[in-house]
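Enquirer: Chain by chain, the residues:
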Amino acid sequence: MHIHRLEKIWLIIGIVMLGVFLVAIGIGAFAMGNHPPGHSSAIKLDPEKVYETPPFDNPGLEQIGENEYNAYIVAYIYGYNPGNIEIPVGATVHFYVTSADVVHGFNIPGTIVNMMAVPGEVNEMTYTFDEPAEYLLLCNEYCGIGHEYMATTITVKG
Amino acid sequence: MDARRDQLESKQKNNGSMEQEHVQDEPLKGTFASVLILGAFIVVSWIGVLWLFIQRS
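The listed protein sequences derive, respectively, from chains P and G. Anchor point for the first sequence: position 57 equals 999 in our numbering, and the numbering is continuous, going up by one each time. Anchor point for the second sequence: position 48 equals 41 in our numbering, and the numbering is continuous, going up by one each time.
Hints are computed from structural coordinates only; laboratory data are not their basis. Computed from a predicted model, the values in this text were never measured in an experiment. Misleading hints may appear alongside valid ones.
[What the hints assert, rightly or not] Keeping only pairs whose Cα atoms sit at most 20 Å apart, straight-line, the calculated EDC-like set for lysine to aspartate or glutamate is:
#: 1; chain 1: P; residue 1: LYS950; chain 2: G; residue 2: GLU19
#: 2; chain 1: P; residue 1: LYS1099; chain 2: P; residue 2: GLU1076
#: 3; chain 1: P; residue 1: LYS1099; chain 2: P; residue 2: GLU1008
#: 4; chain 1: P; residue 1: LYS1099; chain 2: P; residue 2: GLU1004
#: 5; chain 1: P; residue 1: LYS1099; chain 2: P; residue 2: GLU1073
#: 6; chain 1: G; residue 1: LYS22; chain 2: P; residue 2: GLU949
[Stated by the list, open to error] According to the in silico footprint, chain P covers these stretches of chain G (three or more CB under 8 Å from chain P):
#: 7; segment: 21 to 31
#: 8; segment: 34 to 46
All C-beta atoms, glycine included, are put in the ideal place defined by N, C-alpha and C.
Just chain P, same shape as in the assembly (with noise of 0.2 Å):
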């Protein structure tokens, strides 16, 4: 089969694009950890009953190291429970949402912490939190008549 000059050097150049993009996809997946929110949903829950599920019959922080924390939230119309989280700076915060009725957004703008709150479903996160600042954590999936109000802090002090 004849290919054209031109043609080989661009079929070259898409698969080399490609093995990179990938072999980059791998790194951040095997070596990083880097994984979609929803990936595992360890714990399953009955939608209806969440403020009776462990751990979210006790929402709020719990600290699992020296400066780690395991952060249980409820999305809910319209706020988060608990709001106003505080913690020290260097913080590592292993984030675990789910929602006690619609669909909603946990986002921390100006970090890689975005995903939803799903009726059913735990998606996590984990972040940690090296400058000390008061974060923004709002809802970015339009949820009702009250989702611009849906927003609270987490203070990182320092």
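Fit chain G to the supplied structure of chain P, relying on the hints for placement.
Expert: For chain G alone, kept in the frame of chain P given last:
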């Protein structure tokens, strides 16, 4: 039409090297440039998204 096709086929058979050269000279330069521009766009977008992700994580 058939006569022309026969003529063309015999020409191709008899003069393979000429035909090869003709294929080599097909004007694919514009297509090549378009492919490179599209490829550059994809690479730049991809690197931009990766950079944003690394900056914010």
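Enquirer: Quick check: which numbered hints come out false for this structure?
Expert: Nothing - there is no hint that the structure violates, so all of them hold.
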